[in-house]
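Student: Based on the sequences and whatever the hints tell you, model everything.
2 protein chains.
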Amino acid sequence: MKLYRYIPALEWGRSYRGSTLANDLVAAVIVTIMLIPQSLAYAMLAGLPPEVGLYASILPLVAYAVFGTSRTLAVGPVAMLSLMTAAAAGRVAVQGSPEYIAAALLLAFLSGLMLLALGLLRLGFLANFLSHPVVSGFITASGLIIAASQLRHLLGIEGHGHTLYDIVSSLLAHIGEINLPTVAIGVPALLFLFWVRKGLKPLLMKAGLGERLAGMVSRGGPVIAVVAGISAVAGLGLVERGVHIVGDIPTGMAGMALPSMDFSLWAQLAGAAALISVIGFVESVSVAQTLAAKRRQRIDPNQELVGLGAASLAAGVSGGFPVTGGFARSAVNFDAGAETPAAGAFTAVGIALAAMYLTPYLYFLPQAVLAATIIVAVVSLIDLKTVRQTWRYSKNDFAAMAATIVVTLAAGVELGVTTGVVLSLLLHLYNTSRPHFAIVGQVPGTQHFRNVDRHAVVTSDCLVTIRVDESLYFANARFLEDTIYEILANRPDLEHLVLMCPAVNHIDASGLESLEAINERLRDAGVTLHLSEVKGPVMDRLKRSDFLQELAGKVYLHQYEAVEDLDRECARGAIERTVLPTPPEAGERRTQQLVGLKQAR
Amino acid sequence: MKLYRYIPALEWGRSYRGSTLANDLVAAVIVTIMLIPQSLAYAMLAGLPPEVGLYASILPLVAYAVFGTSRTLAVGPVAMLSLMTAAAAGRVAVQGSPEYIAAALLLAFLSGLMLLALGLLRLGFLANFLSHPVVSGFITASGLIIAASQLRHLLGIEGHGHTLYDIVSSLLAHIGEINLPTVAIGVPALLFLFWVRKGLKPLLMKAGLGERLAGMVSRGGPVIAVVAGISAVAGLGLVERGVHIVGDIPTGMAGMALPSMDFSLWAQLAGAAALISVIGFVESVSVAQTLAAKRRQRIDPNQELVGLGAASLAAGVSGGFPVTGGFARSAVNFDAGAETPAAGAFTAVGIALAAMYLTPYLYFLPQAVLAATIIVAVVSLIDLKTVRQTWRYSKNDFAAMAATIVVTLAAGVELGVTTGVVLSLLLHLYNTSRPHFAIVGQVPGTQHFRNVDRHAVVTSDCLVTIRVDESLYFANARFLEDTIYEILANRPDLEHLVLMCPAVNHIDASGLESLEAINERLRDAGVTLHLSEVKGPVMDRLKRSDFLQELAGKVYLHQYEAVEDLDRECARGAIERTVLPTPPEAGERRTQQLVGLKQAR
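Chains as they are written, first to last, in this note's numbering: chain F, 1 to 601; chain G, 1 to 601.
Hint data in this document are derived by calculation from the structure and do not stem from the laboratory. Any given hint could turn out to be false.
Because identical chains share one entry, a pair is satisfied inside a single copy or across any pair of copies.
As the list claims (entries may be wrong) - With a straight-line Cα cutoff of 30 Å, these simulated DSS-like cross-link-like pairs (lysine-lysine) come out:
(1) 554 / 535
(2) 554 / 385
(3) 543 / 554
(4) 294 / 206
(5) 535 / 206
(6) 385 / 201
(7) 385 / 395
(8) 543 / 395
Tutor: Below is the structure:
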């Protein structure tokens with residue numbers, strides 16, 4: 001039944017039991033408590049009214065529960081996508097205007113369409129364009145930007161911008177206008193939330209709570225800060241003293257409506273929506289896989305695209321903004337014992353109830369407290385350790401990561417990711433365009449063949465064997481030709497050239513064309529080309545071309561046979577066989593003393 | 001001495017001798033005779049006045065002689081670049097206007113700068129983006145467009161456009177205005193030139209000429225057509241009857257001048273110049289390598305960029321248009337015995353003499369004859385055989401080729417190449433993003449391990465070994481994770497998982513991240529990850545990360561050791577070892593009958 005594949009809820013729904021319901025309900029309550037301040041905060045980060053955050057946490061969760069494959073992923077607004085939404089919507093409208101909100105909705109809708117299309121066309125592999133260093137660099141850089149952008153709420157001053165430089169210089173320009181009551185609320189909230197992350201859990205455990213329960217309760221830290229903040233502002237009348245509050249949040253849920261059908265706006269937002277889709281998908285899949293593996297469950301990445309696409313579409317038509325699976329929230333959902341995506345649907349009910357009955361109580365919630373929760377969340381994303389490790393591991397990967405970080409900080413999120421993706425593609429092409437080739441010789445007395453530069457092996461003047469350590473495809477086909485012509489130009493006595501192919505996993509049409517050119521040009525130069533140790537599937541494919549008929553020499557199953565056979569052919573002339581001494585120290589290459597040996601095998 | 005590397009003329013110039021001079025002079029005379037009509041024809045194809053073709057065949061040849069590495073490449077105007085020049089210049093100016101000519105010069109200049117920069121930065125690998133199917137499809141499609149575009153000269157009617165559809169519909173609209181005297185000259189010239197390609201050489205050989213000489217003389221066919229055409233038009237007064245002629249060509253050489261410094265024009269032409277550079281380079285290098293290999297010489301692709309860049313720059317400052325190494329002309333140069341690039345410099349002298357003294361005699365040269373030479377030249381480029389072979393060899397490569405052909409014909413050369421390049425990159429990424437993984441088992445009684453789907457091998461329920469047949473990098477890192485989690489979800493008894501890596505040539509930071517995630521998630525699920533047969537350079541790199549410390553299991557030098565060791569660990573419980581029967585027919589997978597075997601190794 002095909003439908004099962006696209007609607008996983010049909011499958012887990014059939015075996016839904018009472019005990020599962022109880023577990024899912026408990027998890028939903030805990031996630032709801034966590035999600036209320038988060039959804040308000042991320043809406044603020046995206047430059048949107050607080051209710052938009054709530055709307056984004058209702059219908060999208062139901063949609064994911066129906067179409068998603070992760071049992072425990074908690075979908076909703078997340079910091080990274082909120083920042084990207086602010087950047088994209090800010091380009092087409094003024095923050096606070098109805099057009100700005102419309103743009104945010106449209107971003108969610110477009111991103112939903114794109115994710116759905118990618119999923120239905122099974123194009124999830126496109127997310128592979130985002131290499132790990134690029135994602136990691138992007139997260140670190142946007143974490144810095146987000147933290148900087150929230151300082152204004154903490155200090156009660158202006159400080160806008162989409163790049164670190166803009167934000168910081170804007171903050172500095174207004175530094176004289178700091179609102180002390182705001183600072184008096186924001187800074188303690190920030191310190192408290194930082195302490196909660198590490199300090200509350202051990203305290204609760206000392207007080208006798210079990211480790212798991214203590215962990216879950218300590219996730220409720222933001223709620224304490226929210227309640228304390230509201231009480232302080234309301235009790236001390238701080239609104240009159242310049243503390244910004246959340247204010248009126250419309251009660252109830254948003255009506256359903258299609259987003260703007262202004263196609264010039266679609267075109268303007270399409271690029272940003274694509275980036276939001278891919279970044280959201282990559283992050284969410286990685287969270288979902290981590291959690292699924294813990295219980296030996298699995299997720300289907302292409303169906304995940306469908307699930308996240310449905311969630312984003314739902315956000316777009318119900319007054320929300322782009323959503324995806326969040327890391328911290330999903331971990332809480334998992335720890336709290338959620339067993340099925342129904343937990344997400346129950347969370348949606350919780351948020352809907354909050355939107356209907358709780359909003360009046362949030363009137364006095366100070367923005368500084370929300371800013372503090374955002375800062376605490378994103379600071380944990382800033383990962384300088386990975387930057388250091390990547391530097392140590394690979395300079396190429398580091399270059400892609402550094403470019404992503406620098407461009408994101410200096411020119412904004414969209415250009416940052418794009419630069420990283422293009423650079424990592426270019427570096428990959430550059431690397432595989434110069435694959436490793438080794439001239440090999442026979443280890444004396446064995447049937448093994450090793451690199452002449454690393455081992456003491458037997459070679460001959462009339463025969464050279466080149467081991468190709470990479471598949472042959474368009475990016476490296478020409479390099480193979482160059483390498484062979486260079487060898488050819490330096491070997492006047494050469495009669496046979498063997499390409500040893502045990503590591504060639506495939507040969508595309510460009511590689512085939514190069515082999516044909518090599519065969520022909522070697523023949524013109526009086527040298528015969530042979531192949532050895534060609535893998536089965538590669539051979540099957542070569543048989544579909546004319547190459548094997550045109551090949552001047554033979555295809556040997558084993559390199560040993562090739563040498564046996566060709567040495568006999570060479571033996572007509574006097575054969576000069578040479579044994580190379582053990583190779584010089586790595587990095588230092590002395591003139592190799594060739595010991596000439598007449599050998600008459 | 002570094003200078004030698006950048007000025008190859010310093011090297012071959014030192015050993016220049018009298019006999020070399022004689023050979024180079026003979027080749028130069030023959031190539032000059034061939035190049036005069038060609039340079040006029042390709043200028044016409046590019047929509048430029050005829051003298052521009054001559055100018056492009058003087059200084060650029062000298063520049064290549066100094067900086068190029070091929071001994072026998074004949075540089076000058078070629079059909080493909082002329083077409084691309086017409087498309088690009090036609091976008092910014094009206095054909096025939098001084099701005100149009102200025103755009104063509106600027107294209108040559110920009111392309112020269114780009115080639116030089118690529119060469120000096122050793123970025124020749126960027127040409128690898130152009131896979132063989134894309135180049136081949138592009139040549140076939142642009143050959144068709146060029147041939148169609150020349151029909152108007154043959155028929156004496158209008159028929160403009162940059163796509164096949166535009167050209168053909170424009171021709172059909174004017175079909176009633178056919179000029180019969182033009183047809184009477186053009187069609188016989190066309191038939192004659194087609195016949196010359198195949199028929200003249202055998203005839204000359206029958207008349208007693210040697211094969212090589214006959215081959216060279218038969219290349220002079222166009223000269224016969226030119227002389228006959230001029231005589232007919234001049235003698236019969238056909239200009240009054242509507243036959244278009246070349247007309248006045250200014251005598252002498254163009255002055256040297258820098259091209260337009262209008263940087264908005266630079267920006268408009270930069271993309272086209274980049275395509276011209278890459279297409280010209282790829283074609284030229286392939287010709288140069290073919291010829292060099294015949295004499296066991298070699299060319300340096302990065303220095304070729306410098307040589308071709310110098311030639312294009314020279315064209316741009318001396319009134320010419322984009323040039324590169326041409327196939328037919330270079331082959332004639334080679335056959336005629338050219339030994340050094342000096343032959344090219346001598347050709348330049350020949351063309352300069354022609355520009356000074358011959359142009360008055362070309363006044364009556366009918367454009368129909370030039371069109372006929374172009375058609376004959378490009379029809380040989382249309383290569384449907386390769387299209388068929390590619391279809392048979394690889395559907396992916398065929399898709400890239402077909403897209404290039406269709407888009408080039410339908411939307412023009414620039415979009416065509418771009419589409420092909422992007423599509424082949426995407427297909428490559430798609431393919432390597434789903435590499436081959438095999439679950440392997442031990443061939444009974446040996447130390448060999450083979451795919452369980454293809455061979456009768458021994459496996460165990462507590463241990464699975466996965467052989468990875470590809471390097472691990474960002475495009476496939478996630479696929480490896482998906483594969484492993486899928487296996488994990490289906491194997492409740494699994495305790496150990498071994499990744500067998502003999503075909504893993506490198507692991508980038510994304511691959512490493514995946515390995516770390518796999519290691520952690522397997523540990524969460526109670527399964528230990530091990531590696532086996534990791535290559536030396538890959539191991540060296542892994543040692544620079546924390547992975548080897550974090551790895552739950554071990555790294556085994558040989559898969560055999562891994563199985564020995566882990567079987568012992570598994571043996572604590574009862575070990576169910578199973579022998580799979582010989583695999584089912586390919587394509588059809590029956591339920592595998594597992595034969596349980598208690599084995600106490």
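Student: Tell me, which hint numbers fail for this structure?
Tutor: 5
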